[in-house]
Amino acid sequence: MEQKIFTKSPIKFLIPFFAFFSFTFLFYTNLFAIPSAPVEEMPSIQDAEITNPPAEQIGHEMMTPTEPETSENENEFIEEEEEVLHIADPLYPWNKAMYHFNDRFYFWVLKPAAQGYSAVVPEDIRLGVSNFFYNLTTPIRFVSSLLQLKMKVAGNELIRFAYNSTVGVLGFADAAKAHLDISRHDEDLGQTIGSYGIGHGFYIVWPFIGPSSLRDTAGKIGDVFLNPVYYVNPTEAAVGIAAYDEVNETSFHIGDYEDFKRSAIDPYISMRDAYLQYRKKKVDE
Amino acid sequence: MKRILLGIHLFVFMVFPLTLFAGPPLITVEGHVNEVLNILRDPAFKGDASKKTGEEKVRDISDRMFDFTELSKRTLGANWKNFNRNQQEEFIQLYRDILQDAYMDKIMSYTDEKVVFQKEVMLSENIAEVQSYIITKRAETPIYYRVILKGNEWRVYDVIIEGVSLIKNYRTQFREILSNKSPEDLLGILREKAGKA
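Top line first, the protein sequences correspond to chains X and R.
If you want this note's numbering, it's the position in the first sequence, counting the first as 1, plus 5.
If you want this note's numbering, it's the position in the second sequence, counting the first as 1, plus 66.
Keep in mind the hints are simulated off the structure, nothing from the lab.
Among the clues, some could well be false.
As the list claims (entries may be wrong) - Calculated lysine-lysine pairs in the BS3-like style (CA-CA distance at most 30 Å, straight line):
1) X/Lys287 x R/Lys180
2) X/Lys157 x X/Lys116
3) X/Lys182 x X/Lys155
4) X/Lys182 x R/Lys123
5) X/Lys225 x R/Lys117
6) X/Lys157 x X/Lys101
7) X/Lys285 x R/Lys118
8) R/Lys185 x X/Lys157
9) R/Lys118 x X/Lys266
10) R/Lys118 x R/Lys247
11) X/Lys101 x X/Lys286
12) R/Lys216 x R/Lys112
13) R/Lys117 x X/Lys266
14) R/Lys185 x X/Lys116
15) R/Lys172 x X/Lys286
16) X/Lys287 x R/Lys147
17) R/Lys118 x R/Lys185
18) R/Lys147 x R/Lys203
19) X/Lys116 x R/Lys147
20) X/Lys287 x R/Lys117
21) X/Lys155 x X/Lys101
22) R/Lys203 x X/Lys101
23) R/Lys180 x X/Lys101
24) X/Lys286 x R/Lys118
Unchecked claim - To list a few chain X residues with every Cβ distance to chain R over 12 Å, as calculated:
25) Leu185
26) Ile226
27) Val237
28) Ala247
Glycine included, each C-beta is placed from N, C-alpha and C at the ideal position.
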């Protein structure tokens, strides 16, 4: 049914306009209001009216004060209510279509590839490959840490890179963790922009990449330039390497996406919210 | 010396009267998690036939570990009041079943991951956060339990995995549904999801 919305309606053609308006919206609401906390959704009167059950469903017990626990906890509810993250989703039709695209891509391409791959390649080697690619993307984390003036994190990244590239044999082993007890610390440019107090703008789902936002997309583009794989020639080889990295990573997560879908009532909304919460934690760290 | 000890005792009892009464939140949560881990490690529950028994035991533990009423209230937030008593009761049951079904496979597929309980943080006098990590060869996944003191016991009302709060995630979904549907409609969706339509 959600698919129909995209394929049938002329909304497709409105996407550029949506994009344009969103950029203007972002420009006025976000860039001018630094630091801007994530927009918080307050339960509006309108919402309450809509969600009110039909009159005959309101039992008399709702009217009588027989629920002391509820009223006791009300303040806490409202406190937590405010914490709920909200993001504009003006590209909803596109996002929903891309969500379905990624869903199919996972089940039809990525998962079978990762399953076949992990059947052939032992876990320890896959782990080494994962470490190798992680070590390779040190510039992203180093530069991001510097731009956030996280000097200790930046220093640790340098130590990790030097140690893992040598003792850890080109990064295949995470020797810095094992010997020096310096753990991974994820940083990227999207988080960096976020740390300056700039909000997400709006939600956007990219094919193959998945959930993102205007802010994190900008960060991601920067990240690509800091990723050595980008400079591999020819481009086909770079894409091949990136795809291999993706399959290797997925081999550790087979089943996670299925579990996520099973637990969700509305997977699209659930993923959007999880993305927001996850990124917020990363920015706050 | 005795007087100092007595002083310390008095001080501790004055500051942490509730916690001492119920035992520390971390011990409570860790105890429940270890109970589950013991079942998962027990070869007696490995076979296909006996796996069901194992699942039942895990369900029983989760009923004691979680406060599904609190969890439901906090998930629905302001919308809780729009449900009448019967609807609230049904919501708690369905939500519990859905959560247990959704996470059962994940829990039962446990192999040899290490679970480490690191610390507890008191967020208020009757709410605490118990911080644990699941350690695999590849990564350390932080799993934080939010617990509330109910009567004599610390009971879990939220699980935060890698910064993603379970109840907040569901709250966003339910709010979206309730923005144009009635509580009865939502219960219908949940019934279908739980396989009780």
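We went through each hint and held it up to the structure:
1. Among the hinted pairs, X/Lys287 with R/Lys180 is consistent with the structure: their alpha-carbon atoms are about 24 Å apart, no more than 30 Å.
2. Pair hint X/Lys157 plus X/Lys116 does not hold up; C-alpha atoms about 38 Å apart against a cutoff of 30 Å.
3. With a C-alpha separation of about 19 Å, the suggested pair X/Lys182 and X/Lys155 falls inside the 30 Å cut-off, and the hint holds.
4. The hinted pair formed by X/Lys182 and R/Lys123 fails the criterion: a straight-line CA distance of about 37 Å is larger than 30 Å.
5. Between the alpha carbons of X/Lys225 and R/Lys117 the distance comes to roughly 44 Å, so the proposed pair goes past 30 Å and is violated.
6. Proximity of X/Lys157 to X/Lys101 is assessed by CA-CA distance (about 40 Å); at most 30 Å being required, the pair is judged violated.
7. The suggested pairing of X/Lys285 with R/Lys118 is violated, with an alpha-carbon distance near 39 Å, which exceeds 30 Å.
8. Between R/Lys185 and X/Lys157 the CA atoms are separated by roughly 24 Å; this keeps the pair inside 30 Å, and the hint holds.
9. For the given pair, R/Lys118 sits about 23 Å from X/Lys266 by alpha-carbon distance, which is consistent with the 30 Å threshold.
10. The straight-line distance between the Cα atoms of R/Lys118 and R/Lys247 is roughly 36 Å, outside the 30 Å bound, and the hint therefore fails.
11. Note on X/Lys101 and X/Lys286: the hinted pairing holds, with a Cα-Cα distance of about 25 Å set against a maximum of 30 Å.
12. Using a Cα cut-off of 30 Å, the hinted pair R/Lys216 and R/Lys112 is violated, with the two alpha carbons roughly 34 Å apart.
13. Simply put, R/Lys117 and X/Lys266 have alpha-carbon atoms about 23 Å apart, close enough for the 30 Å limit, and the pair holds.
14. For the hint linking R/Lys185 to X/Lys116, the alpha-carbon distance of about 37 Å lies beyond 30 Å, and the restraint is violated.
15. Simply put, R/Lys172 and X/Lys286 have alpha-carbon atoms about 24 Å apart, close enough for the 30 Å limit, and the pair holds.
16. A C-alpha spacing of about 34 Å is found between X/Lys287 and R/Lys147, which places the hinted pair above 30 Å, so the restraint is violated.
17. Pair hint R/Lys118 plus R/Lys185 does not hold up; C-alpha atoms about 33 Å apart against a cutoff of 30 Å.
18. A hinted pair counts as satisfied when its Cα atoms are at most 30 Å apart, and R/Lys147 with R/Lys203 does not qualify at roughly 46 Å.
19. Only pairs whose Cα atoms come within 30 Å are accepted, and X/Lys116 paired with R/Lys147 is rejected, the gap being roughly 43 Å.
20. A C-alpha spacing of about 38 Å is found between X/Lys287 and R/Lys117, which places the hinted pair above 30 Å, so the restraint is violated.
21. Taking the CA atoms of X/Lys155 and X/Lys101, the gap is near 37 Å; set against the 30 Å cutoff, the hint is violated.
22. Of the supplied pair hints, the one linking R/Lys203 and X/Lys101 is violated, its CA atoms being roughly 35 Å apart against a limit of 30 Å.
23. Restraint check for R/Lys180 and X/Lys101: the C-alpha separation of about 37 Å exceeds 30 Å, so the hint is violated.
24. Straight-line distance between C-alpha atoms of X/Lys286 and R/Lys118 comes to about 37 Å, which puts the hinted pair past the 30 Å bound.
25. The claim that X/Leu185 is not at the interface with chain R holds, since no C-beta of that chain comes within 12 Å of its own (minimum 16 Å).
26. Distance to chain R confirms X/Ile226 as a non-interface residue, since its nearest Cβ pair spans about 24 Å, more than 12 Å.
27. The Cβ of X/Val237 sits about 25 Å from the closest Cβ of chain R, beyond the 12 Å cut-off, so the non-interface label holds.
28. Under the 12 Å C-beta cut-off, the non-interface status given to X/Ala247 relative to chain R holds; the minimum distance is some 20 Å.
The structure fails hints 2, 4, 5, 6, 7, 10, 12, 14, 16, 17, 18, 19, 20, 21, 22, 23 and 24 (numbered hints given earlier, in ascending order).
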